[in-house]
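Visitor: Residue numbers (the working numbering), protein chains in the order written: chain A, 1 to 373; chain B, 1 to 373.
Calculated directly from the structure, the hints in this document are not laboratory data. Please read all numbers here as calculations on a predicted model, not as lab measurements. One or more of the hints may lead you astray.
Pairs of lysine-lysine residues, derived as DSSO-like cross-links and limited to a Cα-Cα distance of at most 30 Å, are as follows [as the list claims (entries may be wrong)]:
#1 A:K248 to A:K138
#2 B:K138 to B:K229
#3 B:K361 to A:K373
#4 A:K115 to A:K38
#5 A:K361 to A:K373
#6 B:K373 to A:K373
#7 A:K138 to B:K38
#8 A:K115 to B:K138
#9 A:K373 to A:K248
#10 A:K168 to B:K38
#11 B:K248 to B:K168
#12 B:K138 to A:K38
#13 B:K168 to B:K115
#14 A:K138 to A:K115
#15 B:K115 to A:K138
#16 A:K115 to A:K168
#17 A:K229 to A:K38
#18 B:K373 to B:K229
#19 A:K168 to A:K38
#20 B:K168 to A:K138
To list a few chain B residues with every Cβ distance to chain A over 12 Å, as calculated [stated by the list, open to error]:
#21 V2
#22 A31
#23 P47
#24 R145
#25 D274
#26 L281
#27 R346
For every residue, glycine included, the Cβ atom is placed at its ideal position computed from N, Cα and C.
Each chain, letter by letter, is given below.
Protein chains: 2
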Amino acid sequence: MVSIAILGFGIVGSGVAGVLTRNREQIDTAAGEAVRLKYIVDVRDFPDSPFAPVIIRDFSVVERDPDVRVVVETIGGCGVALEFTRRAILAGKHVVTSNKALVAAHGQELLELAKLHNVNYFFEASVGGGIPVLRPLKFDLAGNRITGIRGILNGTTNYILTAMREEKLSLEEALRSAQARGYAEANPTDDLNGMDAARKLAILSDLAWGREVRAEEIGREGIEKVSLKDVECAAMLGGKLKLVCEAKLLPDGGLTAFVAPQVVMPGSMLYGVDEAYNAVLITGDAVGDVMFYGTGAGSEPTASAVLGDVIDAVRHRDRRRAINWSGTPAVLSDPMGLGGRWFVRRRDIAAIEEQCPAVPKGEDAACYRVLEK
Amino acid sequence: MVSIAILGFGIVGSGVAGVLTRNREQIDTAAGEAVRLKYIVDVRDFPDSPFAPVIIRDFSVVERDPDVRVVVETIGGCGVALEFTRRAILAGKHVVTSNKALVAAHGQELLELAKLHNVNYFFEASVGGGIPVLRPLKFDLAGNRITGIRGILNGTTNYILTAMREEKLSLEEALRSAQARGYAEANPTDDLNGMDAARKLAILSDLAWGREVRAEEIGREGIEKVSLKDVECAAMLGGKLKLVCEAKLLPDGGLTAFVAPQVVMPGSMLYGVDEAYNAVLITGDAVGDVMFYGTGAGSEPTASAVLGDVIDAVRHRDRRRAINWSGTPAVLSDPMGLGGRWFVRRRDIAAIEEQCPAVPKGEDAACYRVLEK
């Protein structure tokens, strides 16, 4: 029997506890032994929760308990989550996380620390919620030279852009609708400005190319300036405006990566990815295009990915699974060099010949890259 | 260093040899040690092949060579492929295959034999070509109770139906076009009648539910009777006729599975899956819908999946990865009980109230299930 502890009893943590309990029998079978939830660490009280008996406040209890072999970190952010992750690894425990901010900012350090202490640090749930993508990229596609990654990695903005198009809402109205449905947080800044998507693209790029891509260095444009007019013009072209993440291996061996709203045409598999769904299209030299699609966030979908990692950690509990994430920093080339078609909207039609990407977004004008495939 | 042998130097075998050689460095890194191609076994001569120096005729050389730890079976069929697979396992070698006919017919026996001899029998490439789907289903989604599988698993028929729709071809013309492009074999019977798709659905169902689903028992209708008229009528409805595979866990715990042409509407993620592409949509109680999409056949895409398995076999060469495939036979319920909308085409409009599935396909009439989501 293996005991696990969950740090943080929020949306994801409670999902993990719930699914682990509900599907106990098959999870035990998949893991090869019984997996039991021994502690949930949270500073808040949950007197009415069925999990109240295992909820504790003091992480050091987990840290000192040799029964706990796997720690699930669903606290989020880079504060106490970082501290507890380091301490859990130092105590010889495997760590599984859904915390993309922590993985993007400290992934390399934590993977090195895990290597040193012969444990695993798994983070499938940090990209694409429940969609299996990191493990397939790292293991199933390991025979390929990866040449490109393209995806819709932020469910909040995808929901907002879908609502604008289908219900003719302004950005502000669509954001309120997303918040009302639990698809956007009270402070949606990192969703709207593309930072959340950039973090996930950085994690994917790190795994695909073994070079450290810093989220802050990824060329980034959010959806803050997208107007209903832009969404409607894109629809007139037969396309859908979506916040697309792209990273490419260039012919010279360099990398480029960016996050920006693009007009996605029906020829692209990303065209059908609406609402809060996510998708990642990976191109390999042998496999061609492979796409992974599903629910990119939420309690139980994210719990599904966390539990896949927990099962893997239990199965490999005496053995590390090597993840090649080198500390070599990637130097990113300017994505404007990629070329391609652009969609330009201007009141002043005479000026349409100007350099497209330079057109400022606003009432009178906007321009977006067009994604044909 | 680990040596491998490839059995059969056809489309898939030559793809494996080529990609393994081209991407040697990263495959060695992913596997954790050098992976070298020591033998290719084929009864034919390939004097001009760069691999000629390693091509041999006698399988017993492989069988007796303790250096060979992983055998790749890309012969196909259930004759010599079955014999060599058994002998390789008996000799203590891991076996990786792309042979869906063998896995569907003898998977359980071979998995048991592998367990007995403490080796792995991997077959990712047997379903969906290069698309990672079996390992994600078995490991990443292992925290879920799987409730449904829906997919387009045969690239040949998908190419034919796409060509009929886009180029207004008859079934016969589209088949010739598929054969000319290498998407259909000289004898396309098992593609057209849905048997190839049923084999893949059986493999997916076995893994999802741990019960032995026999391909022969899956309700099956092929595309032999699909006319251009049907394809055009489906398009008038806004849909696309596709050969869809479905398996479902029923509320009573039973299973149902069938393969049949269906009218796929734009609300379904399968709508965008055209040409020779494949896709598998898996529904889990925690994750919701997850889709895996990519090239379902061909030399290098299939090689990508085979090499993912080879890397896994090398990484786990001293340790079995348990795959739960019980010998308990599944009893399949009648899929007609599922309900849903039907598309009916009749010359004789007065008869339209008849039991839909009973409408015989032909010049005067046809009926197909409609797939909304």
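Visitor: Decide, hint by hint, whether the structure agrees.
Guide: Now the hints, each set against the structure:
no. : hint             : result
1   : A:K248 to A:K138 : holds (17 Å)
2   : B:K138 to B:K229 : violated (41 Å)
3   : B:K361 to A:K373 : violated (36 Å)
4   : A:K115 to A:K38  : holds (25 Å)
5   : A:K361 to A:K373 : holds (25 Å)
6   : B:K373 to A:K373 : holds (23 Å)
7   : A:K138 to B:K38  : holds (26 Å)
8   : A:K115 to B:K138 : holds (26 Å)
9   : A:K373 to A:K248 : holds (15 Å)
10  : A:K168 to B:K38  : violated (63 Å)
11  : B:K248 to B:K168 : violated (34 Å)
12  : B:K138 to A:K38  : holds (25 Å)
13  : B:K168 to B:K115 : violated (51 Å)
14  : A:K138 to A:K115 : holds (17 Å)
15  : B:K115 to A:K138 : holds (26 Å)
16  : A:K115 to A:K168 : violated (51 Å)
17  : A:K229 to A:K38  : violated (53 Å)
18  : B:K373 to B:K229 : holds (24 Å)
19  : A:K168 to A:K38  : violated (49 Å)
20  : B:K168 to A:K138 : violated (42 Å)
21  : V2               : holds (14 Å)
22  : A31              : violated (8 Å)
23  : P47              : holds (26 Å)
24  : R145             : violated (6 Å)
25  : D274             : violated (10 Å)
26  : L281             : violated (8 Å)
27  : R346             : holds (32 Å)
In the structure shown, a violation is registered for the earlier hints numbered 2, 3, 10, 11, 13, 16, 17, 19, 20, 22, 24, 25 and 26, in ascending order.
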